[in-house]
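Undergrad: All chains should be modelled from the sequences, with the hints used to inform the complete structure.
Count the sequence shown with the numbering used here and you get residues 1 to 87, in order.
For the record, the hints were derived by calculation from the structure and aren't laboratory data.
Accuracy of the hints is not assured; some may be wrong.
Unchecked claim - Taking lysine to aspartate or glutamate pairs in the EDC-like style, the calculated list, with each CA pair at most 20 angstroms apart, reads: (1) Lys-74 / Asp-50; (2) Lys-40 / Glu-75; (3) Lys-80 / Asp-68; (4) Lys-42 / Glu-2; (5) Lys-35 / Glu-25; (6) Lys-53 / Glu-75; (7) Lys-80 / Glu-24; (8) Lys-53 / Glu-64; (9) Lys-31 / Glu-64; (10) Lys-40 / Glu-77; (11) Lys-45 / Glu-77; (12) Lys-31 / Glu-78.
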Amino acid sequence: MEVLNCLCDEALSSGKLRTYIDIEEKKCVTKQKIKAATRKQKELKRRHNDMTKTIEGGDIANNEEANDILSQIKEAEEVKQAARNGL
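TA: Printed below as a string of structure tokens:
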């Protein structure tokens, strides 16, 4: 067990392996951000579609809320794009 522990410590202290682990961790975090933004975007699109189906007579409050949802969808897309650029 001590030999295995020593080998692991040596491997983790090497620059190449440490760099590889750091890069892979950043990729994983980036993919998680993209997935979260995609889920949020889908939920917002669903809410927007539901809202546009129920709007009758051009209710101003609903139109403002719909515009707010659209801006949130755009923000989620920007988050996804920024994360993709980080890869």
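Undergrad: Does each hint fit the structure? Answer for all of them.
TA: Now the hints, each set against the structure:
no. : hint            : in the structure
1   : Lys-74 / Asp-50 : holds (18 angstroms)
2   : Lys-40 / Glu-75 : holds (10 angstroms)
3   : Lys-80 / Asp-68 : holds (19 angstroms)
4   : Lys-42 / Glu-2  : violated (50 angstroms)
5   : Lys-35 / Glu-25 : holds (15 angstroms)
6   : Lys-53 / Glu-75 : violated (23 angstroms)
7   : Lys-80 / Glu-24 : holds (18 angstroms)
8   : Lys-53 / Glu-64 : holds (15 angstroms)
9   : Lys-31 / Glu-64 : violated (32 angstroms)
10  : Lys-40 / Glu-77 : holds (10 angstroms)
11  : Lys-45 / Glu-77 : holds (12 angstroms)
12  : Lys-31 / Glu-78 : holds (14 angstroms)
The structure does not agree with the numbered hints 4, 6 and 9 stated previously, though it agrees with the rest.
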